[in-house]
Every structure is written in C-alpha cells, then in structure tokens.
Amino acid sequence: MTKTVALYAPAYDDIRPRLEALDLDIAILTYDKEGRLFRDGAEVAPEETAIDYVWLSNFISRDKAQRPVFGLMERVQRIGVLQTFNAGLDDPVYGRIKAKGTRICNSSAQAMAISEYLVGQVLNIFQPFAEQRQIQADKTWRITPFREIWRTNWLIVGFGPIGRETARKVKAFGASTTVIRRSPETNALVDRAGTLDRIGDFVGDADVIVLACPLTDQTRGFADAEFFGKVKKGAILLNIGRGLLIDDAALMAALDEGRLETAVLDVFHTEPLPADDPLWSHPKVRMTCHTSFAGSGGVLRWKELFLDNLPRYVRGEPLVNEVNPNDIP
Numbered sequence: 009m010t011k012t013v014a015l016y017a018p019a020y021d022d023i024r025p026r027l028e029a030l031d032l033d034i035a036i037l038t039y040d041k042e043g044r045l046f047r048d049g050a051e052v053a054p055e056e057t058a059i060d061y062v063w064l065s066n067f068i069s070r071d072k073a074q075r076p077v078f079g080l081m082e083r084v085q086r087i088g089v090l091q092t093f094n095a096g097l098d099d100p101v102y103g104r105i106k107a108k109g110t111r112i113c114n115s116s117a118q119a120m121a122i123s124e125y126l127v128g129q130v131l132n133i134f135q136p137f138a139e140q141r142q143i144q145a146d147k148t149w150r151i152t153p154f155r156e157i158w159r160t161n162w163l164i165v166g167f168g169p170i171g172r173e174t175a176r177k178v179k180a181f182g183a184s185t186t187v188i189r190r191s192p193e194t195n196a197l198v199d200r201a202g203t204l205d206r207i208g209d210f211v212g213d214a215d216v217i218v219l220a221c222p223l224t225d226q227t228r229g230f231a232d233a234e235f236f237g238k239v240k241k242g243a244i245l246l247n248i249g250r251g252l253l254i255d256d257a258a259l260m261a262a263l264d265e266g267r268l269e270t271a272v273l274d275v276f277h278t279e280p281l282p283a284d285d286p287l288w289s290h291p292k293v294r295m296t297c298h299t300s301f302a303g304s305g306g307v308l309r310w311k312e313l314f315l316d317n318l319p320r321y322v323r324g325e326p327l328v329n330e331v332n333p334n335d336i337p
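Residue numbering for the sequence shown follows the working numbering, beginning at 9 and increasing consecutively.
Hints are computed from structural coordinates only; laboratory data are not their basis. Ideal placement from N, C-alpha and C gives every residue a C-beta, glycine not left out. There could be a bad hint or two in this list.
As the list claims (entries may be wrong) - Derived pair list, reagent style SDA-like, types lysine to any residue, alpha-carbon separation capped at 20 Å:
hint: 1; residue 1: LYS41; residue 2: GLU51
hint: 2; residue 1: LYS108; residue 2: ASN132
hint: 3; residue 1: LYS240; residue 2: GLY266
Claimed, not checked - Label-pair ranges, simulated between beta-carbon atoms:
hint: 4; residue 1: ALA302; residue 2: ASN334; range: 54 to 60 Å
hint: 5; residue 1: ARG190; residue 2: ALA283; range: 37 to 43 Å
hint: 6; residue 1: ALA196; residue 2: GLY103; range: 52 to 58 Å
hint: 7; residue 1: PRO286; residue 2: GLU28; range: 51 to 57 Å
hint: 8; residue 1: GLY103; residue 2: SER191; range: 21 to 27 Å
hint: 9; residue 1: ASN132; residue 2: GLU312; range: 39 to 45 Å
hint: 10; residue 1: SER191; residue 2: PRO100; range: 52 to 58 Å
hint: 11; residue 1: ARG176; residue 2: ILE143; range: 29 to 35 Å
hint: 12; residue 1: ARG190; residue 2: ASN132; range: 41 to 47 Å
hint: 13; residue 1: GLN135; residue 2: GLY103; range: 22 to 28 Å
hint: 14; residue 1: PRO286; residue 2: THR10; range: 53 to 59 Å
hint: 15; residue 1: GLN135; residue 2: VAL52; range: 25 to 31 Å
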C-alpha cells in the first residue's frame with residue numbers, strides 16, 4: 009500500500025534524488041515555512057489529510073519556521089509517524105501530537121557533535137592553551153604542565169545517544185564512567201550505573217559532571233542546592249541538556265563558594281539569554297549559545313537518519329530512535 013510522506017519543501021528539494029533512488033512506494037506531500045500543506049503543488053486542508061510519515065528536517069530550524077510548522081502538524085487529521093530533528097521532546101507540541109496516537113522518533117544526529125563539544129570544553133579547561141599561545145607570542149621557552157583526562161571520573165546523567173557517544177569518547181582517553189539512567193546496568197562503556205533518585209551516591213566522586221538527560225517532571229531542577237552540596241571540590245559541570253535541569257541560584261552559589269571549579273553551559277532557562285543575566289559575566293562560567301549540536305557533519309547525519317528510517321517504516325520494521333510515549337511529557 010502506498011504510504012503518504014510529508015517533507016519540508018526545501019528539504020525535499022535537497023534530498024529528492026536520493027529519496028527517489030530508494031524506489032519506495034510513497035506519495036509525497038510538501039509543506040512550507042508558513043505552515044501550508046501541498047499535494048502536487050495544490051494546497052490541501054491539513055484537517056482533512058492523513059499522513060503516514062512526517063519528516064521535520066533541521067532546515068525548519070534554519071529557516072526559523074518551527075512555530076508555523078508545529079502548528080500545521082497539530083492541525084493534520086492523523087500522523088502515523090513523526091520523525092523530528094530535535095533530540096529533546098520537551099516542547100509541549102510533541103506531547104499534544106503524541107496524544108493523537110502519533111509515533112515519534114527523535115534525533116541522534118547531534119550526538120557526535122555534542123560529544124566532541126564536551127570533550128573539547130574539558131580539554132580547554134585542563135590544557136593551558138591560552139598560556140601556550142602567550143608563550144609563543146613572547147618567544148619564551150617554558151614547559152606548561154596540564155591535567156590529563158586519564159583516570160578522571162565522568163558522571164554522565166542520561167544515557168541516550170549523546171550520553172553513549174560521550175562515554176565512548178572519554179573511555180578512549182582512559183577515564184572511568186558513572187552513568188545515571190533508568191536501569192542501573194553496566195556495560196563496556198559504563199563502569200558504574202545508578203538511577204536519578206540515587207545520584208547523591210555518585211556525584212561526590214565525579215571530576216566531570218555531564219547533564220545530557222531530557223527535561224521531564226523528574227529531572228526538572230534536580231541540580232539544586234542539595235545536589236551541589238555533594239559535588240567534589242574542584243569538579244567541572246557541563247550542561248548540554250536543558251537549562252531547566254539546573255537551579256541557577258544554587259549553581260552560582262556552588263561556583264562562588266568554590267565547590268564547583270567551572271560550569272560549561274550551552275543551554276539556559278531562557279534562550280536567548282537576557283543581556284542582564286549574571287551568567288554572562290561570571291568568571292567561572294564558560295557559556296555558548298546552544299551551539300553544541302552545530303558540528304560540520306550534523307546535516308548529513310540528519311539526512312542519513314531519515315533515509316534509513318523511512319524504508320524501515322515502509323517495510324514494517326522497527327524504527328531507529330522511536331521514543332517511548334511515556335517519555336514524552
């Protein structure tokens with residue numbers, strides 16, 4: 009039976025030759041940045057249209073078209089599967105779409121870039137790069153000792169694609185990994201594991217703390233004063249999950265009191281971060297503007313994920329990154 013597939017028009021233009029080469033029994037609909045739906049060039053009413061498979065390409069984010077497109081998806085009569093460019097599904101629109109019976113697949117395309125970002129940020133803290141550049145500028149000769157990742161303990165909160173790829177990278181450096189996940193199971197990438205309600209048993213041993221979990225009712229604000237009161241003195245915290253995982257006042261207190269050495273933040277309570285927010289100028293905060301995903305290979309991986317998943321759907325096979333409905337707020 010022919011499956012109807014809806015694609016963002018610019019993404020369809022970009023991927024069309026490869027999609028046609030798959031020779032799938034599909035009928036294409038397109039939608040635009042204004043949230044209009046088309047079949048064979050003619051606009052159709054979403055309320056009267058059932059779609060088997062929707063791909064939300066990252067081009068939607070590039071074109072700042074999320075809200076109109078999300079609104080369109082809520083108006084569509086029925087969606088069988090929605091594959092999104094987002095890794096986190098805390099935007100309320102996903103919960104509303106899920107409630108209509110839609111299966112949702114999130115994205116692992118960002119994991120490679122974000123894990124490199126995390127390791128790069130830690131290396132930038134451990135290694136005296138700025139001092140070495142100054143030595144070169146001054147034409148002096150001086151050895152610059154540095155801290156190694158070897159034998160550091162990384163506490164990774166969340167073990168989805170980002171957490172797994174981060175563990176894989178730091179294990180290659182000789183670090184040990186403690187993972188907070190739903191089930192406390194270990195494997196080749198995980199030396200120790202626990203659940204979120206037991207995180208206090210592990211946080212005091214961590215040299216590096218990575219927040220890579222989704223924002224849920226359970227994780228919202230879990231990094232609070234009690235959490236920071238248990239951290240190892242001199243630890244580094246990196247947040248690439250969601251800003252609302254952290255109580256900012258408790259974070260600032262932990263930095264000011266010397267319990268945390270450095271916080272690397274890529275996500276915030278409010279984005280863009282207001283200019284008067286004290287995080288901008290805190291001497292122990294290194295911040296980036298929700299950019300950890302923006303690696304050079306991300307766009308290709310988004311496409312590959314779609315081109316892998318759509319044939320799976322047509323053949324009735326399990327989908328990559330299908331999210332348990334109970335995990336979507």
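Right, here's what the structure says about each hint:
1. LYS41 <-> GLU51: Status holds; Cα separation ~13 Å.
2. LYS108 <-> ASN132: 46 Å, violated
3. LYS240 <-> GLY266: Holds - the C-alpha atoms of GLY266 and LYS240 are around 10 Å apart, at most 20 Å.
4. ALA302 <-> ASN334: 54 to 60 Å: 30 Å, violated
5. ARG190 <-> ALA283: 37 to 43 Å: 38 Å, holds
6. ALA196 <-> GLY103: 52 to 58 Å: 35 Å, violated
7. PRO286 <-> GLU28: 51 to 57 Å: 53 Å, holds
8. GLY103 <-> SER191: 21 to 27 Å: Taking Cβ atoms as reference, GLY103 and SER191 lie about 24 Å apart, which means the hint holds.
9. ASN132 <-> GLU312: 39 to 45 Å: Because 30 Å falls outside the window, the suggested range is violated.
10. SER191 <-> PRO100: 52 to 58 Å: 27 Å, violated
11. ARG176 <-> ILE143: 29 to 35 Å: This hint holds: roughly 34 Å between Cβ atoms.
12. ARG190 <-> ASN132: 41 to 47 Å: 32 Å, violated
13. GLN135 <-> GLY103: 22 to 28 Å: This hint is violated: roughly 42 Å between Cβ atoms.
14. PRO286 <-> THR10: 53 to 59 Å: Because 56 Å falls inside the window, the suggested range holds.
15. GLN135 <-> VAL52: 25 to 31 Å: 56 Å, violated
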